[in-house]
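The lines below spell out each chain.
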Amino acid sequence: MKLRVYLTFDEATVREPIIWKLAKEFDVVTNIRTAEVKDHMGLVGLEIDGDDAVVEAATQWLSDQGVTVAPIEQDVIEG
Amino acid sequence: MNIVRALKCRECGHEYEIQPTHVCEFCFGPLEVVYDYEKLDGYFTRELIESRPQNMWRYKELLPIDGEPSVGAQNGFTPLVRAKNLEKALGVSELYIKNDSVCYPTLSFKDRVVSVALSKAVEFGFKTVACASTGNLAGSVAANAAAAGLESYVFIPHDLEQGKVLGAGIFGTKIIGIKGKYDDVNRLCSEVAGKYGWAFVNVNVRPFYAEGSKSLGYEMMEQLGWKAPKHVVVPMASGSLCTKVHKSIKEFIKLGLIEDNGTAVYGAQATGCSPIAKSVKDGTDLIHPVIADTIAKSLAIGNPADGFYANRVINETGGWAEDVSDQEVIDAMKLLAETEGIFAETAGGVTLGCAKKMIESGKLPRDESIVLCITGNGLKTQEAVVDAIDKPRIIDANLKDFDELAAADGFDAAA
Numbered sequence: 001m002k003l004r005v006y007l008t009f010d011e012a013t014v015r016e017p018i019i020w021k022l023a024k025e026f027d028v029v030t031n032i033r034t035a036e037v038k039d040h041m042g043l044v045g046l047e048i049d050g051d052d053a054v055v056e057a058a059t060q061w062l063s064d065q066g067v068t069v070a071p072i073e074q075d076v077i078e079g
Numbered sequence: 001m002n003i004v005r006a007l008k009c010r011e012c013g014h015e016y017e018i019q020p021t022h023v024c025e026f027c028f029g030p031l032e033v034v035y036d037y038e039k040l041d042g043y044f045t046r047e048l049i050e051s052r053p054q055n056m057w058r059y060k061e062l063l064p065i066d067g068e069p070s071v072g073a074q075n076g077f078t079p080l081v082r083a084k085n086l087e088k089a090l091g092v093s094e095l096y097i098k099n100d101s102v103c104y105p106t107l108s109f110k111d112r113v114v115s116v117a118l119s120k121a122v123e124f125g126f127k128t129v130a131c132a133s134t135g136n137l138a139g140s141v142a143a144n145a146a147a148a149g150l151e152s153y154v155f156i157p158h159d160l161e162q163g164k165v166l167g168a169g170i171f172g173t174k175i176i177g178i179k180g181k182y183d184d185v186n187r188l189c190s191e192v193a194g195k196y197g198w199a200f201v202n203v204n205v206r207p208f209y210a211e212g213s214k215s216l217g218y219e220m221m222e223q224l225g226w227k228a229p230k231h232v233v234v235p236m237a238s239g240s241l242c243t244k245v246h247k248s249i250k251e252f253i254k255l256g257l258i259e260d261n262g263t264a265v266y267g268a269q270a271t272g273c274s275p276i277a278k279s280v281k282d283g284t285d286l287i288h289p290v291i292a293d294t295i296a297k298s299l300a301i302g303n304p305a306d307g308f309y310a311n312r313v314i315n316e317t318g319g320w321a322e323d324v325s326d327q328e329v330i331d332a333m334k335l336l337a338e339t340e341g342i343f344a345e346t347a348g349g350v351t352l353g354c355a356k357k358m359i360e361s362g363k364l365p366r367d368e369s370i371v372l373c374i375t376g377n378g379l380k381t382q383e384a385v386v387d388a389i390d391k392p393r394i395i396d397a398n399l400k401d402f403d404e405l406a407a408a409d410g411f412d413a414a415a
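Those protein sequence lines, which keep their order, are chains A and B.
Its first residue numbered 1, the first sequence is counted upward by one per residue in my numbering.
Its first residue numbered 1, the second sequence is counted upward by one per residue in my numbering.
This is chain A alone, in the form it adopts within the complex:
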């Protein structure tokens, strides 16, 4: 599975090497496609490639680290 997501980092996580840790923890290929980092938050467009179950576990791990993980479409549920 090749998952395309936007990661939003808040003030607590923006300075952490979380994407490096992700690749250490899980057998996935990460590919940053866009990024913007400021003092209080960061936004990264990331491709995560690997076995389905591993990608699932990797995205859950990211959420557990306090990172907001959203599909690149962001919110698709509209009113």
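Fair warning: there could be bad hints in the mix.
Among chain B residues calculated to face chain A with C-beta under 8 Å, some are [said to hold, decoys possible]:
# : residue
1 : C27
2 : L137
3 : S190
4 : N202
Just a sample of chain A residues kept apart from chain B, beta carbon distances all over 10 Å, derived [said to hold, decoys possible]:
#  : residue
5  : T13
6  : R15
7  : K21
8  : E25
9  : F26
10 : D27
11 : G50
12 : D51
13 : A53
14 : V54
15 : A57
16 : A58
17 : D64
18 : G66
Below, in silico cross-link-like pairs of lysine-lysine (BS3-like), each with a Cα-Cα straight-line distance of 30 Å or less [claimed, not checked]:
#  : chain 1 : residue 1 : chain 2 : residue 2
19 : B       : K181      : A       : K24
20 : A       : K38       : B       : K363
21 : B       : K278      : B       : K247
22 : A       : K2        : B       : K8
23 : A       : K21       : B       : K181
24 : A       : K2        : B       : K195
25 : B       : K363      : B       : K334
26 : B       : K181      : B       : K278
27 : A       : K2        : B       : K181
28 : A       : K38       : B       : K278
By construction, these hints were calculated from the structure, which means they are not laboratory data.
Glycine included, every Cβ here is placed at the ideal spot set by N, Cα and C.
Assemble chain B onto chain A, guided by the hints.
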């Protein structure tokens, strides 16, 4: 005349052929339809537009379809109301309501975007269309698909209120209720959109879908007598409507249909879901996702796809963004109903409530033209105001009882 040139990435500028896709493969930026406007030189005139039927397709050259629409041919051209009573209540000199609460066929501005998305889906050869929605979008996709003979799927949170399920279910759509937290439901919808060969209106055909919003802006300018207002207030969910109203104004200026009036665009959100308004107030262009908690469900998008671009439009045009509490939303819904006879949904309360706040704070000048975009009908969100209206006074069926009541109201039966 077809003047659509390509899909273009809003971030890196990479162009793609017209196809059902929405994200730049290089940088993940959103794709937008771009046009060769010079092809319309000397052709796309006020007279041509005025000679056409009064629906949103009178501006069809600026909408991304080939030829005639196959879905929603009657949609659009809602009233622009001069709001004299509301002007007095707010202390402003020139105020208009663009009233999409009566948009055909499902009483919200979503009928505009859906008719473009579905017409384009038919051109692409799709037989099945879909959306994920908690209200207006679901009803519009279901109704317009039914009328066009398309099969449709609507994805909803499993615990959505029965009334909103009915609003889509009546049209024979296939409704799928999904259990789980909002983020999980959202992600599943994105995955379904990527996996099945359907036209998911706000995913793989989103660039075309979003363009439909421009028709609201075109109508506003034509109905103002071929001019743009000085100020326009737009409710923000994804932020798309804000950017597209602005685009509509820029296009009309480029085509020589109006003078540049220096229109400022203002965004309105509910405090319980105000990531874009907060970014404007904080002076940043990064949008912090939030978990929505507001009665304005149709604006409850916590991680808005066009938030960055809406923020930019507001800043570039010299507008502002505001947010209002749920109580302020209810108060504004009542104010609009009692002054202008327009029953707007909660999003309309957000728009008016924010406008009122911005007038009081001086962000919106009192002596220049203002248009408020009202995007949905109050009959769909009755639960928000059911406790806020006066209860009927009950009397027995005899004239004496009514005479007493009328006298208390200051009416003299003998007169």
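Numbers of unmet hints, in rising order: none
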